[in-house]
Amino acid sequence: MTDDTRDHDRTVIRLPEMGLVVLVGVSGSGKSHFARKHFAPTQVVSSDACRAMVSGDENDQSATADAFDLLHYIVGKRLRRGLLTVVDATNVQSRARQSLLQLAKAHDVLTAAIVLDVPEHVAVERNAARPDRDLPEHVVPRQRRELRRGLRSLGREFRRVRVLTGTEEIDAATIRYDRSWNDRRDLTGPFDVVGDVHGCRAELEDLLSGLGYEIVRDASGRAVDANHPGGRTVLFVGDLVDRGPDSPGVLRLAMGMVASGNALCVSGNHEAKLVRALRGRKVRVAHGLAESLEQLAAEPEEFRADALRFMDGLISHYVLDEGRLVVAHAGLKEDYHGRASGRVRSFALYGDTTGETDEYGLPVRYPWARDYRGKATVVYGHTPVPEPEWVNNTICLDTGVVFGGKLTALRYPERELVSVPAREVWYEPVRPLDAPASAGSVAGGHRESDVLRIEDVMDNSGVETRLMGRVTVREENALAALEVMSRFAVDPRWLVYLPPTMSPAATSALPGYLEHPAEALAAYRDRGVARVVCEEKHMGSRAVAVVCRDEAVAAARFGVDDGTTGALFTRTGRAFFRDPDRTREVLDRVRAAIGAAGLWDELDTGWLVLDCELLPWSAKAMDLIRTQYAATGAAARAALPMASGALARAQARGLDLGGLREHVDRRAANAARFRDAYARYCWPVDGLDGLRLAPFQVLAGDGTAWAAARDHDWHLDIAGRLADADPGGLIRRTGSMVADLADAASEEAVTGWWEGLTASGGEGMVVKPLGPLPEGTKVQPGVKCRGREYLRIIYGPDYTEPEHLDRLRGRSLGRKRSLAMREHALGLEALDRLAAGEPVWRVHQAVFAVLALESEPVDPRL
Amino acid sequence: MLLTITTTLDQATDLGFLLHKHPDRVHRFEQSSGTAHVFYPDADERRCTAALLLDVDPVKLVRTRGKGTPDFSLGQYVNDRPYAASSLLASAMANVFRTAMRGRCAARPELARTPIPLEIVLPALPCRGGPGQAERFFGPLGWEVSAVPVPLDPEHGEWGDSRYVTLTLTGEVRLTDALNQLYVLLPVLDDAKHYWVASDEVDKLIRAGEGWLAAHPDRAAITRRYLANRRALVRAALGRLADADGAPEDALDPVEIDEELAAESPEESTQESPAETAVPLSERRALSVLAALREENARRVIDLGCGSGKLLARLLRDEFFSEISGADVSHRALGHARRRVRFDERREGSRVRDVFQGALTYADERFRGYEAAVLMEVVEHVDPPRLGAVERVVFGHAAPRVVVVTTPNAEHNVRYEGLAPGAMRHPDHRFEWTRAEFREWADRVAAAHGYRVRHVPVGDDDPEVGAPTQMGVFTR
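Chains as they are written, first to last, in full-length UniProt numbering: chain V, 1 to 862; chain L, 1 to 476.
If you are wondering where the hints come from, they were derived from the structure by calculation, not from laboratory data.
Check each hint, because a few of them may be wrong.
Stated by the list, open to error - Taking lysine to aspartate or glutamate pairs in the EDC-like style, the calculated list, with each CA pair at most 16 angstroms apart, reads:
#1 L:K60 - V:E803
#2 L:K60 - V:D806
#3 L:K60 - L:E30
#4 V:K37 - V:D218
#5 L:K204 - L:E172
#6 L:K21 - L:D44
#7 L:K60 - V:E169
#8 L:K21 - L:D42
#9 V:K37 - V:E168
Turn these sequences into a full structure, and let the hints guide you.
Listed below in structure tokens is the structure:
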């Protein structure tokens with residue numbers, strides 16, 4: 001309870017680093033002065049200040065209720081955020097303290113009270129010296145009476161209480177902060193986290209040896225310590241004891257390791273129960289407790305006492321590695337990390353149960369890990385699983401060694417799993433280890449749910465990206481994306497990326513052109529880029545392909561176990577084909593090509609995400625072509641020749657039409673060119689026949705976001721190899737040319753290439769920088785440069801007429817460029833998170849933001 | 001876009017007097033959408049043709065477009081407006097032939113009042129509903145109608161016909177009537193107007209329709225389309241037409257226009273039996289849901305996928321329900337729902353707790369804490385691969401005591417006339433289940449999440465194909 005009594009230096013007050021500190025004292029006892037002297041202004045929440053804030057007068061007693069509402073609100077917010085908070089109010093009444101204590105309880109923080117007890121006359125004199133304070137005479141004596149009465153109960157109310165008597169003691173006091181017991185952020189590892197041992201000493205020795213520990217033995221050959229030459233530390237997740245053959249042996253080793261600093265150990269529920277049993281409390285002897293009691297009975301009394309002291313002293317969780325790692329026996333939700341209270345301990349030891357039991361009569365656990373969104377990796381045990389799997393940056397290491405499973409350790413920060421098999425089935429499980437609910441699990445796999453939380457995507461604080469810092473998403477855009485995402489998008493576990501938009505090059509001033517290579521190349525030259533790659537731009541529909549090597553990879557890496565092995569989706573996240581069989585056929589071909597090209601091994605991955613264009617345009621956009629493009633062509637074809645005929649007759653009558661006929665004839669010619677422009681991108685498709693997939697970038701694979709890691713010439717090379725490796729001809733090559741921006745001949749060559757491409761009906765090209773980008777300048781990840789004829793289907797049949805072109809040149813690219821940069825940053829962020837194996841909600845956040853940004857109003861023709 | 005008006009009247013060039021445009025000159029009028037030209041390709045005593053050529057400037061059209069223009073194709077540079085005869089041409093007519101449309105002609109007053117032989121040609125008329133629509137609307141007005149469909153792309157015969165026809169009208173009609181009929185029926189056939197329909201549109205319609213619209217057998221459809229299906233305006237116009245006709249208002253087509261469900265919805269348009277006409281299926285569905293909630297004594301209810309809030313309004317009218325919320329993913333629908341339950345004006349103690357945007361594929365704390373959740377005609381809008389997520393959100397996470405799910409019974413679709421075999425009732429339906437499929441799904445979901453389910457048919461239970469709607473009441 002109160003440990004300050006043991007502190008011989010009477011001037012030192014010991015406080016928790018994080019928690020609630022309540023100053024207690026009558027008016028005029030010097031609380032505000034004390035608070036100013038010892039705490040930062042932001043740490044102190046004062047009732048007088050709150051009273052002033054709500055009423056304009058810090059002495060207005062009629063504002064007290066509102067002032068305390070505000071005070072409690074501020075205190076609650078600070079405690080939720082884990083900040084030390086000092087309350088400066090009289091707090092002499094038990095009722096006033098109770099409401100603060102409830103706040104502390106609600107946020108599971110430690111509490112301390114500092115009582116400033118000054119003689120009555122001192123307080124009265126101080127109050128009198130303050131002209132603004134007009135206290136009735138009876139107030140201070142009444143407060144003193146209340147204080148006296150309360151002093152007796154303070155010790156029960158607060159974790160720590162310090163009474164400072166007299167001005168001298170108050171003035172002499174200094175503060176020292178104690179780190180919370182569970183706060184071991186200073187330890188940065190490397191660690192080996194060991195799952196539930198349950199008395200399996202032999203397997204524990206096997207595991208530690210396997211991990212490279214040298215086991216220290218006593219004279220009788222018993223393991224009493226283990227140390228690692230690489231300075232690694234073991235973290236035991238608890239449940240060392242019960243059920244197994246040698247709980248004392250496990251305790252002896254663990255106790256030795258903890259004592260020597262080679263290990264830390266948190267308490268499991270079995271230790272807690274064993275402690276109660278050893279203390280002679282009435283407990284139900286079940287679940288392997290009998291074995292422990294029997295084995296311990298055979299040990300000398302001294303060992304039993306040591307073991308009891310050890311287990312009794314185990315705390316319920318540790319926060320390690322600067323807050324990046326949390327170890328608790330049954331796991332711990334984020335709100336409880338670093339907190340201290342009965343319910344935090346209970347959660348850490350027993351988990352959170354729904355109150356229901358399953359078919360085997362075992363408690364149904366609340367799936368806190370499924371909802372876990374914390375930054376810290378949480379490692380735990382408690383519930384036996386056939387294989388340890390990642391669930392939202394948490395992992396359960398209890399692989400049921402005592403039930404004949406295995407004993408597992410997680411190497412941290414490497415995140416590698418190491419297991420040793422059980423030497424035998426030491427204890428028959430109530431529920432079969434490999435119950436169907438968790439079948440198909442893979443060690444180190446990702447058990448992801450396709451259900452995310454609304455907060456994952458509607459968080460208005462934006463998405464933190466490595467490239468551009470925080471990218472914000474406005475609420476209305478997020479809401480628009482929510483609608484599209486939920487009505488049309490594929491499973492979020494597959495939807496790992498959405499392609500960012502791309503800006504066109506600056507507008508050309510050349511007669512007859514809106515876009516031209518000169519501006520695209522100049523854009524990069526002006527930014528200090530030396531080389532660019534110009535890629536043929538296919539006119540089809542953007543398609544992102546996620547391809548797994550097989551079903552096992554799909555299940556382990558993406559958590560999808562319905563037999564699908566990938567996805568093919570559009571730039572808004574819809575399945576490219578309505579028919580799942582068609583998707584499978586395309587993926588099968590791509591998978592075969594990846595295999596034939598040797599990329600699984602070369603890129604050391606079992607899955608790849610590819611950015612592609614799928615042709616023809618009519619394969620996906622037939623409805624649009626029919627209702628918008630072909631319809632416009634049809635109307636023009638019906639109307640313009642008839643108008644031309646009428647004008648011809650009028651001209652024949654000798655009317656002066658002032659060039660109207662020539663104008664209409666030109667429009668007719670433009671309409672015909674427009675028709676040819678769209679018709680080039682339409683051809684019949686039957687099954688896979690006629691379909692073409694043109695990959696141009698490898699976005700990510702296991703461990704690497706290739707989009708960021710390699711230059712575009714590498715990507716095009718891989719894409720070319722895929723095309724070569726596909727004898728069926730589905731995969732199409734993407735033409736490209738590298739340009740040296742300092743070389744006029746090189747620019748000329750590229751311009752000629754572009755003219756050839758676009759004259760024969762090509763959409764145009766995309767220019768992307770090669771080599772490291774110049775520092776300190778924002779460079780577009782790519783700009784597009786579209787062909788003259790192609791642009792008719794964007795800007796209309798007549799856009800090339802000088803009077804239209806001049807007006808169109810006034811287009812503004814600023815918003816589009818900004819959008820392209822932000823979406824690019826989000827896209828890479830999604831890939832980084834994906835490649836790093838982060839939970840699906842983290843990836844989805846960035847992907848969702850791309851879709852949200854796409855709903856920003858930007859000229860759709862750019 | 002082009003319109004030609006030809007007459008073979010004696011002294012055919014009198015057409016120039018009637019139109020107030022001299023046949024030997026070329027007339028030019030600036031319009032907000034471009035330039036209108038009037039000229040005469042032919043002008044002699046036996047045959048005279050006036051041509052109105054509207055040269056639409058597509059760039060100008062986009063630049064002058066107001067926010068919230070209903071016709072989306074105008075938002076892009078690629079559209080048929082420069083070539084097709086639409087409301088732009090109608091507006092140009094109204095400007096250029098204003099006097100003629102009023103029937104005034106000082107030079108030939110008698111001729112203006114007389115039906116004359118006319119041939120009117122529109123080479124590219126967008127005709128929603130196919131060539132038959134042109135016959136349906138122009139035929140009763142005394143025209144001989146020829147509507148020849150324009151192919152979509154001559155090199156892609158397999159794409160079929162476009163929505164345009166080359167329209168030729170021949171007949172003896174007063175010129176003023178002919179112009180007014182075109183003015184009204186061009187946008188009606190196009191079924192898309194280029195500016196917001198405002199209340200003065202009713203005046204324009206009444207004026208242009210004088211003498212022919214009130215007697216037209218399709219006046220209700222014409223009125224509805226002309227006023228872009230704006231219910232209040234349609235009612236006002238139909239009322240005024242009735243007055244104009246001297247007929248009682250209820251003698252007019254009492255068609256009710258549903259704002260959200262297209263009139264084409266087979267459920268609403270097909271009348272199975274006299275009993276079915278009295279109570280539409282949507283009504284019976286809502287009643288069944290309310291009855292199920294009462295039966296389960298569920299007073300605190302959230303409507304998941306509340307759409308425009310029709311069920312919310314019903315729940316609100318029924319004092320049995322003590323707490324009512326609605327969620328939908330569509331921002332637009334929620335706007336309607338909020339207005340319907342007067343969400344923004346609600347007072348303290350209101351039984352409406354919240355009407356908010358949420359998606360059933362995302363776990364949401366706001367879905368929790370109710371006794372019942374209703375998913376009325378919702379699941380069939382979810383892609384099958386995402387249905388599992390919806391199940392986990394509704395039955396696993398929100399997990400109210402009662403869940404009521406309704407969905408179409410696909411077997412019943414054969415009872416809907418005009419619904420092609422294998423077609424679904426709504427374009428956004430991702431699937432429609434047979435009774436067995438729904439039962440299988442419901443049983444699996446119930447078992448997985450600890451619910452019991454009972455099945456209730458909604459609508460007349462057809463002995464062969466079952467009721468049109470199936471309802472599952474899940475309880476735990």
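Hint check:
1. L:K60 - V:E803: Answer holds: K60 (chain L) to E803 (chain V) is near 11 angstroms, not above 16 angstroms.
2. L:K60 - V:D806: holds (13 angstroms)
3. L:K60 - L:E30: holds (12 angstroms)
4. V:K37 - V:D218: violated (55 angstroms)
5. L:K204 - L:E172: violated (25 angstroms)
6. L:K21 - L:D44: Holds, because 15 angstroms separates the two Cα atoms, which is no more than 16 angstroms.
7. L:K60 - V:E169: Answer violated: K60 (chain L) to E169 (chain V) is near 85 angstroms, above 16 angstroms.
8. L:K21 - L:D42: holds (14 angstroms)
9. V:K37 - V:E168: Measuring from Cα to Cα gives roughly 15 angstroms; hence the hint holds.
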